[in-house]
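> Could you put the whole structure together from the sequences, leaning on the hints where they help?
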Amino acid sequence: MNYNWDWNIFFKSTGIGSEIYLDWFISGLGWTIAVALVAWIAALAIGSVLGVMRTLPGKVLPAIATAYVELFRNVPLLVQLFMWYFVVPDYLPEATQIWFKQELNPATSAYISVVVCLALFTAARVCEQVRTGIQALPRGQSAAALAVGFSIGQTYRYVLLPQAFRVIIPPLTSEFLNIFKNSSVASLIGLMELLAQTKQTAEFSANIFEAFTLATVIYFVLNMSLMTLMNLIEKKVRIPGMMGGAK
Amino acid sequence: MDFSQIIPSLPSLWDGMKLTLQLLALAVLGGIVLGTVLALARMSSNTVLSGLAKAYVNYFRSIPLLLVITWFYLAVPMILNWITGEFIAVGAFTSCLVAFVMFEAAYYCEIVRAGIQSISKGQLNAAYALGMNYGQAMRLIMLPQAFRKMTPLLLQQSIILFQDTSLVYAVGLIDFLNAARARGDIMGQSHEFLIFAGAVYFVISFGASTVVKRLQKRLAV
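Residue numbers (full-length UniProt numbering), protein chains in the order written: chain A, 1 to 247; chain B, 1 to 221.
Source of the hints: derived by calculation from the structure; they are not laboratory data.
Cβ coordinates follow ideal geometry from the N, Cα and C atoms, glycine included.
Some hints here could point you the wrong way.
To be verified - Residues from chain A that face chain B, not an exhaustive set, calculated with beta carbons under 10 Å: (1) L22; (2) F25; (3) R73; (4) N74; (5) L77; (6) S184; (7) V185; (8) A202; (9) F204; (10) I208; (11) A211; (12) N223; (13) L229.
What follows is the structure, encoded as structure tokens:
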């Protein structure tokens with residue numbers, strides 16, 4: 001066995017400028033959070049619209065939403081990422097293409113691709129949760145809203161969605177955590193997020209185990225804090241005596 | 001768009017697909033076996049054992065699969081070197097397989113646990129009353145019923161695993177996706193090959209999940 005354990009490695013110089021290895025991890029974590037949060041907000045918005053579409057009366061809108069979900073759920077994330085990074089930019093208008101490929105710095109164009117990819121990928125999953133949440137409500141809810149003269153829009157806005165979102169907080173939480181984990185694919189198109197920085201540290205310092213242990217701890221702590229946060233939100237918005245509030 | 005080179009490239013793409021399917025089959029098998037052991041450990045009355053199993057599951061569920069794949073790719077040869085004292089060349093395939101089995105076991109564990117818990121306790125009590133020991137009760141009574149119930153969920157998880165095998169791209173293993181990428185680059189049709197790969201993944205996953213949904217309806221009482 002010729003492995004030199006060195007837990008102080010994170011405070012040692014990387015040999016590049018005055019950076020220590022810990023700086024790499026911090027900047028990696030920053031990118032991971034920046035990717036995941038922005039993609040999550042977009043996924044939540046798109047997914048909610050799609051989820052509502054799937055529950056609307058009529059045929060066309062639900063069919064479009066269903067097709068979207070099937071398409072984005074059955075193609076591997078990595079294939080989707082390569083599409084957004086390598087294929088789609090080539091079909092943009094010429095001016096946008098030049099901007100994306102030449103004027104932006106490589107990290108920014110990788111960042112845009114990853115965020116678009118994760119947002120659309122996760123939206124399909126959010127859509128399914130929103131649909132399940134709406135369909136889990138008693139039918140009387142929408143019937144009653146329509147009977148007192150609400151329009152379809154008002155029914156969703158004031159009656160169905162406020163209840164549905166409360167019910168689906170737990171499954172949404174796990175999608176929220178997934179988007180952080182999934183953001184690690186960004187390392188494969190050269191974005192220096194947490195996993196990429198970990199790999200780089202392992203290769204530069206040869207302290208593989210320390211580097212990956214720290215990365216694991218960071219992901220673990222991130223997960224735990226997000227879960228605690230979501231539990232707090234769930235408790236805070238709970239309506240006493242109502243569905244989901246009784247538990 | 002020019003898809004003309006896909007047909008002549010089918011043999012090399014098929015080689016990639018064979019690796020994907022091999023990895024999938026072994027990972028599903030290993031994952032379910034290890035997942036079942038973990039599920040039994042988690043439900044054990046021994047608090048140390050159940051605590052360890054719980055920690056294992058929480059650990060693997062909170063880190064990205066890609067991190068596990070990358071880590072194992074670097075670490076498995078080293079660990080083997082420590083254990084045996086000599087250098088053994090472990091291929092990327094083996095280290096990926098170990099990563100998938102250990103990672104997916106955490107997810108399969110939760111499915112198996114839910115499956116066993118959905119079988120009424122009376123079954124277990126009846127088995128004990130007949131004089132069976134724990135092993136017999138699990139093997140002959142509980143697990144066969146639980147597995148029948150959870151087949152659709154296990155299959156669904158395996159479809160997700162099928163898609164996730166594409167992540168072996170990270171360590172340079174030539175699976176289906178990587179074969180399509182490499183071949184597309186050689187042929188100068190990288191876009192077309194990528195779209196083709198996506199379509200193949202889609203058809204297989206969509207077809208399989210349609211079958212699973214049907215199975216679920218048939219199994220539902």
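> Hint by hint, note whether the structure agrees.
Quick rundown of the hints versus the structure:
1. L22: violated, 18 Å
2. F25: violated, 13 Å
3. R73: Because about 8 Å separates A/R73 from the closest Cβ in chain B, which is inside the 10 Å limit, the hint holds.
4. N74: holds, 4 Å
5. L77: The hint holds - A/L77 has a Cβ within 10 Å of chain B, the shortest such distance being about 7 Å.
6. S184: holds, 4 Å
7. V185: Nearest chain B Cβ about 6 Å off; hint holds.
8. A202: Result: holds, 6 Å to nearest chain B Cβ.
9. F204: violated, 13 Å
10. I208: holds, 5 Å
11. A211: holds, 9 Å
12. N223: Constraint on A/N223 satisfied, holds at 4 Å.
13. L229: Violated, because the Cβ-Cβ distance from A/L229 to chain B comes to roughly 15 Å (cut-off 10 Å).
In summary, the numbered hints that this structure violates are 1, 2, 9, 13.
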